[in-house]
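K.L.:
Please build the complete structure, drawing on both the sequences and the hints.
Sequence lines, in order, name chains A and B. Under this note's numbering, the residues of the first sequence are numbered 1 to 244, in order. Under this note's numbering, the residues of the second sequence are numbered 1 to 467, in order.
Since the hints were derived computationally from the structure, they do not count as laboratory data. Hints may contain errors.
Claimed, not checked - Distance condition first, Cα-Cα at most 25 Å in a straight line; then the derived DMTMM-like pairs of lysine to aspartate or glutamate:
#, chain 1, residue 1, chain 2, residue 2
1, A, 224, B, 37
2, B, 370, A, 74
3, A, 224, B, 40
4, B, 26, A, 226
As the list claims (entries may be wrong) - Facing chain A, a subset of chain B residues (Cβ under 7 Å, in silico):
#, residue
5, 36
6, 45
7, 53
8, 54
9, 60
10, 92
11, 150
12, 153
13, 165
14, 192
15, 259
16, 434
17, 437
18, 452
19, 456
20, 457
As the list claims (entries may be wrong) - A few chain A residues facing chain B, derived, Cβ under 10 Å:
#, residue
21, 26
22, 89
23, 105
24, 187
25, 213
In this text the structure is predicted, and so the values were computed from the model without any measurement. Heads up, the beta-carbon is just placed ideally off N, CA and C, and yes, glycines get one too.
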Amino acid sequence: MTNVEMGIPEMPAPDYPAEVRERLEADAREIIARYPGSRSALLPLLHLVQSEEGHVTRTGQRFCAEMLELTTAEVNAVATFYSMYRRKASGDYQVGVCTNTLCAVMGGDAIYASLREHLGVGDGETTEDGKITLEHVECNAACDFAPVVMVNWEFFDNQTPDSARALVDDLRAGREVAPTRGAPLCTFKQTARLLAGFPDERPDAVDASGSAGPASLAGLRLAKGESTPGVVAPRGAASDEEGK
Amino acid sequence: MTTVTHDGGQDETSPHPAGGATDPQKLLSPVLSAHWDEPDSYTLAGYRRHGGYRALGKALAMDPDDLIAYVKDAGLRGRGGAGFPTGMKWQFIPQGDGKPHYLVVNADESEPGTCKDIPLLFANPHSLIEGIVIACHAIRSSHAFIYLRGEVVPVLRRLHLAVREAYEAGYLGPDALGPGKGLELTVHAGAGAYICGEETALLDSLEGRRGQPRLRPPFPAVAGLYACPTVVNNVESIASVPALVDKGKDWFRSLALGSDKSPGFTLYSLSGHVARPGQYEAPLGITLRQLLDMSGGMRPGHRLKFWTPGGSSTPLLTDEHLDVPLDYEGVGNAGSMLGTKALQCFDETTCVVRAVTRWTEFYAHESCGKCTPCREGTYWLVQLMRDIEAGKATSADLDKIADIADNINGKSFCALGDGAASPIFSSLKYFRDEYEAHLAGRGCPFDPEKSTAWADGPNSAHLEVNA
Numbered sequence: 001m002t003n004v005e006m007g008i009p010e011m012p013a014p015d016y017p018a019e020v021r022e023r024l025e026a027d028a029r030e031i032i033a034r035y036p037g038s039r040s041a042l043l044p045l046l047h048l049v050q051s052e053e054g055h056v057t058r059t060g061q062r063f064c065a066e067m068l069e070l071t072t073a074e075v076n077a078v079a080t081f082y083s084m085y086r087r088k089a090s091g092d093y094q095v096g097v098c099t100n101t102l103c104a105v106m107g108g109d110a111i112y113a114s115l116r117e118h119l120g121v122g123d124g125e126t127t128e129d130g131k132i133t134l135e136h137v138e139c140n141a142a143c144d145f146a147p148v149v150m151v152n153w154e155f156f157d158n159q160t161p162d163s164a165r166a167l168v169d170d171l172r173a174g175r176e177v178a179p180t181r182g183a184p185l186c187t188f189k190q191t192a193r194l195l196a197g198f199p200d201e202r203p204d205a206v207d208a209s210g211s212a213g214p215a216s217l218a219g220l221r222l223a224k225g226e227s228t229p230g231v232v233a234p235r236g237a238a239s240d241e242e243g244k
Numbered sequence: 001m002t003t004v005t006h007d008g009g010q011d012e013t014s015p016h017p018a019g020g021a022t023d024p025q026k027l028l029s030p031v032l033s034a035h036w037d038e039p040d041s042y043t044l045a046g047y048r049r050h051g052g053y054r055a056l057g058k059a060l061a062m063d064p065d066d067l068i069a070y071v072k073d074a075g076l077r078g079r080g081g082a083g084f085p086t087g088m089k090w091q092f093i094p095q096g097d098g099k100p101h102y103l104v105v106n107a108d109e110s111e112p113g114t115c116k117d118i119p120l121l122f123a124n125p126h127s128l129i130e131g132i133v134i135a136c137h138a139i140r141s142s143h144a145f146i147y148l149r150g151e152v153v154p155v156l157r158r159l160h161l162a163v164r165e166a167y168e169a170g171y172l173g174p175d176a177l178g179p180g181k182g183l184e185l186t187v188h189a190g191a192g193a194y195i196c197g198e199e200t201a202l203l204d205s206l207e208g209r210r211g212q213p214r215l216r217p218p219f220p221a222v223a224g225l226y227a228c229p230t231v232v233n234n235v236e237s238i239a240s241v242p243a244l245v246d247k248g249k250d251w252f253r254s255l256a257l258g259s260d261k262s263p264g265f266t267l268y269s270l271s272g273h274v275a276r277p278g279q280y281e282a283p284l285g286i287t288l289r290q291l292l293d294m295s296g297g298m299r300p301g302h303r304l305k306f307w308t309p310g311g312s313s314t315p316l317l318t319d320e321h322l323d324v325p326l327d328y329e330g331v332g333n334a335g336s337m338l339g340t341k342a343l344q345c346f347d348e349t350t351c352v353v354r355a356v357t358r359w360t361e362f363y364a365h366e367s368c369g370k371c372t373p374c375r376e377g378t379y380w381l382v383q384l385m386r387d388i389e390a391g392k393a394t395s396a397d398l399d400k401i402a403d404i405a406d407n408i409n410g411k412s413f414c415a416l417g418d419g420a421a422s423p424i425f426s427s428l429k430y431f432r433d434e435y436e437a438h439l440a441g442r443g444c445p446f447d448p449e450k451s452t453a454w455a456d457g458p459n460s461a462h463l464e465v466n467a
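P.N.:
Laid out in structure tokens, this is it:
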């Protein structure tokens, strides 16, 4: 019989160490209590186990199954459906370049190609120092800031190949990096804990980067007469004057 | 008057009655976005400073059925794409059935080009929470959910804060809807799946399953979350309710530049090769020409080639359609759909075949696999589109992609397949020549570098706007 790799984790999976298990169980009970039906807690629980190990391991899947009285097959079916659950060990910083049409056309393809070359990795691969996992991502609802790069799901707006290379260099060197919109970066594991529904405990994290990015305010500023319509139009001062 | 396209010097006089008016202070109507420029707009204090939660008192004093009728009379239509009347959706919830009712807010904003709910939630999450409390009073629900796509952590942070503040202030919690009438609100982060923006897939996902659409009927109003009556509304729809209630339905109805069947304020998202991409809140029925005229047009030296009125699933339009009123009727009559008002504008440097190929790859990647026409058809389309883009196809393949798109369109449980067909049909309709040029020239005639945001040097629009 041929040995076909189905991508299904080998079972039975080992359990977490007792201390870890106890801590995660407390978190899991808090998550489950938010929902009228316990199975609704599965997506947040998968984020929770991802926050423990950086990806969804067979141990994590076993934990989810036991907490929710599901089979590991049921958990695996869900874990493999959603793209945010990683199935292998990955970097501290997940760098996602939007290559959906609008960002791609505006420069996302060039940024992505530049980062692949600069980092020497392919799609979904991690740098040797374990710092960065590079991938292309789909539209992330920031088209007015195109081209967009996401790092651990925080927004880096209006990127260029140069700015994106500088960004990954800073991350690899351990320098503090602040997104255009969002809070100073934490690791992928810490981000996963937020996604499980546990608020960011860092002071000022929620206030970082202000109320809205510049593009979000474009219409409001015009409506308030604060910026001159047509200022970047090519027909020069004449049309600007008329635009007022 | 300034003009939309900037290299031809053509006469831009608009045939649309309001088409000539471009004074942004008269045309724009910031309501949801009115205070995003204040440093604490996302906090409870910032929201209350401008009358936040004032509508709630008024709504709670109304009989729930009267409130539903009021929202229906105002003419509010769903802002998530389909434009279904919000009040009617609420009315479909059976009352006195002894089952729990649920409100689920669809914050899974993922339609390519769509970028309105995420900045709204980032800068003004309390407008959504106030709307949720009002809606739950109307449909007699004691538990609501916000299903937020997972890939937007900064927004998740602000929702966590806003919900905590609302609980502490008593807008949520044990007596939120009156003595002994509690309301719980759960923020739920998704995990990366475009299909979960489809309402029944969203419900399956919220139940902890793979996000795959359900066969309808039964509709969610009868058997939704946990098989109980459920309203699923878009973020912007619910967030619009407090202002509607506060300022009144007559005011709301008065905001219409196009059809009086499409009243109210809404967020238009300009993106792509425009001078000033961003959010523009205006009455429904404004035109793309008006939005471009007031905001500086296309990027300097370039002209509009094609655009989407409401995301990649809405058929492409061209510069022929600059004066189409951007409301449900106007865009429908032009052969497309208003969708999410995601106005992705591409200039003459952009290869339409490349654009459509990339969107097709997206649909193939995001097809959930449940229905054969969509799962198989999107896969085939990707193979053919890649060959066409590379100039390796034949003219028979152009007919073949149209045929495959026809075999996907309308033949699956949900609209993802229809969305995949839209760019194929519409690009063939308006740009068949360009497809043929790829075949004749054995490759793509465009230079992608010329389309980039930095193609025109440091003076290119985005760098300047964001400097």
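K.L.:
Determine which of the earlier numbered hints do not hold for this structure and return their numbers in increasing order.
P.N.:
6, 7, 8, 9, 10, 13, 15, 16, 17, 19, 20, 21, 22 and 24
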